[in-house]
Amino acid sequence: MKGKKTLTFLLMDAPFENARTTTALRLIDIAARRGYDINVFAYEGAVYLPFAAQKQHANAVHGHDVVQEDHPLPREWVEAVVLEAAKNGGRVDWVNCGLCVDERGAVDAVAGVRRGSPADFWKMATASDNTLVIATK
Amino acid sequence: MKTLNIIETAYRATLEEQDDPVIWIIHAMKGAGADHSIVLRANAVNYAVKAQGVPPLAFGARRQQQAPHLAEAVGGLTAKGVEVYVVSDDLTERGLQGEELIGGLKTIRKVELPALCGRYDQVWHW
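Line by line, the protein sequences give chains A and B. FYI, our numbering numbers position 56 of the first sequence as 56, with every residue one higher than the one before it. FYI, our numbering numbers position 29 of the second sequence as 29, with every residue one higher than the one before it.
It should be emphasised that the hints constitute simulated quantities derived from the structure, not laboratory data. Mixed in with the good hints there might be a few duds.
Heads up, simulated SDA-like pairs for lysine to any residue below, C-alpha to C-alpha not over 20 Å straight-line [what the hints assert, rightly or not]: (1) K137(A) to E8(B); (2) K123(A) to V82(B); (3) K123(A) to Q122(B); (4) K137(A) to Y11(B); (5) K30(B) to K5(A); (6) K123(A) to R12(B); (7) K137(A) to Y120(B); (8) K30(B) to K137(A); (9) K123(A) to D19(B); (10) K80(B) to R94(B); (11) K2(B) to L73(A); (12) K50(B) to K30(B); (13) K30(B) to G98(A); (14) K137(A) to D19(B); (15) K5(A) to D121(B); (16) K2(B) to D65(A); (17) K137(A) to H125(B); (18) K5(A) to K137(A); (19) K55(A) to R33(A); (20) K123(A) to K50(B); (21) K137(A) to G31(B); (22) K50(B) to Y11(B); (23) K50(B) to G31(B); (24) K5(A) to M1(B); (25) K123(A) to D35(B); (26) K137(A) to E112(B); (27) K30(B) to P74(A); (28) K2(B) to D129(A); (29) K123(A) to Q18(B); (30) K4(A) to Q122(B).
Covered, in the sense of this in silico footprint (three residues per stretch, anywhere, with C-beta under 8 Å from a C-beta of chain B), are these stretches of chain A [as the list claims (entries may be wrong)]: (31) 107 to 121; (32) 127 to 136.
Please read all numbers here as calculations on a predicted model, not as lab measurements. Idealized CB from N, CA, C, for every residue including glycine.
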């Protein structure tokens, strides 16, 4: 593949529940490292990926306090891939489905996340080299 | 851009959302001018069955008022000009007959799916 690519991802799963979220972030991270332009449409539970109120916790089973556990949070990874893309000449346009946000009360998102609708997803896909839907199963 | 949506997972959050979220988003995108087609496969072929019904969900005194009507939601897409294919092999495996299905659908065999996919710019697997 030559030139700068634009890729769109639709994510549907809530964080901390299955490996599809990890796979999606791996793919987005690779695209960010290549400096691609990346669109993400977070649908249904995926609007919680950039939820600003996520907090680290201690883990008694691991014998770790909160600092030792240093639990990674999806909102940090969302911010990290946004920065990684920018560092490499690309960008991440992360759109949270507005109705999905409202029904979950997931209004507060990290910086760089905007609210949108299915029409935004369609526009993103139309302007992309390809689109990958990673749906809840 | 023409997009083929292959829907495999069935009854995903339909009670909570009062709809299938994939059928819903296709309706919404169609309203925004999108050119979509659909393939119902695996358990999702049941979305085409006319006789299905969902009693409103109730927990305690809180009773659902708008239970999902999936066959009608699929029929609404065909009425808007969306081509809806149903995989005939999956119907047969489940003992479903053509007369049990809503009208306006096209049946397709599994072996015909690769050629169908080739007619679209993007294929999304839900």
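Outcome of the hint check:
1. K137(A) to E8(B): The given pair, whose Cα atoms are some 9 Å apart, holds under the 20 Å limit.
2. K123(A) to V82(B): The hint holds at about 18 Å.
3. K123(A) to Q122(B): holds (13 Å)
4. K137(A) to Y11(B): holds (10 Å)
5. K30(B) to K5(A): violated (26 Å)
6. K123(A) to R12(B): Distance ~25 Å between K123(A) and R12(B) Cα, so the pair is violated.
7. K137(A) to Y120(B): violated (24 Å)
8. K30(B) to K137(A): violated (23 Å)
9. K123(A) to D19(B): Violated, at about 23 Å.
10. K80(B) to R94(B): Answer violated: K80(B) to R94(B) is near 28 Å, above 20 Å.
11. K2(B) to L73(A): Distance of about 37 Å is beyond 20 Å: violated.
12. K50(B) to K30(B): Judged against 20 Å, a Cα distance of about 23 Å means the pair is violated.
13. K30(B) to G98(A): This hinted pair holds, its Cα atoms lying about 18 Å apart.
14. K137(A) to D19(B): Given that 20 Å is the threshold and the Cα spacing comes to 16 Å, the pair holds.
15. K5(A) to D121(B): holds (16 Å)
16. K2(B) to D65(A): Measuring from Cα to Cα gives roughly 52 Å; hence the hint is violated.
17. K137(A) to H125(B): This hinted pair holds, its Cα atoms lying about 11 Å apart.
18. K5(A) to K137(A): Since the Cα atoms of K5(A) and K137(A) sit roughly 28 Å apart, the hinted pair is violated (cutoff 20 Å).
19. K55(A) to R33(A): violated (27 Å)
20. K123(A) to K50(B): Violated, at roughly 34 Å.
21. K137(A) to G31(B): violated (26 Å)
22. K50(B) to Y11(B): Satisfied, since the Cα-Cα distance of roughly 15 Å is no more than 20 Å.
23. K50(B) to G31(B): Not OK: K50(B) and G31(B) at ~25 Å, beyond 20 Å, violated.
24. K5(A) to M1(B): Holds. K5(A) to M1(B) sits at ~17 Å (cutoff 20 Å).
25. K123(A) to D35(B): Roughly 12 Å separates the two Cα atoms, so the pair holds.
26. K137(A) to E112(B): violated (24 Å)
27. K30(B) to P74(A): violated (31 Å)
28. K2(B) to D129(A): holds (13 Å)
29. K123(A) to Q18(B): Roughly 26 Å separates the two Cα atoms, so the pair is violated.
30. K4(A) to Q122(B): holds (19 Å)
31. 107 to 121: n = 4 at 8 Å, threshold three: holds.
32. 127 to 136: Coverage by chain B holds for the stretch 127 to 136 of chain A (5 residues, Cβ < 8 Å).
This entry does not satisfy hints 5, 6, 7, 8, 9, 10, 11, 12, 16, 18, 19, 20, 21, 23, 26, 27, 29, going by the numbered hints stated previously.
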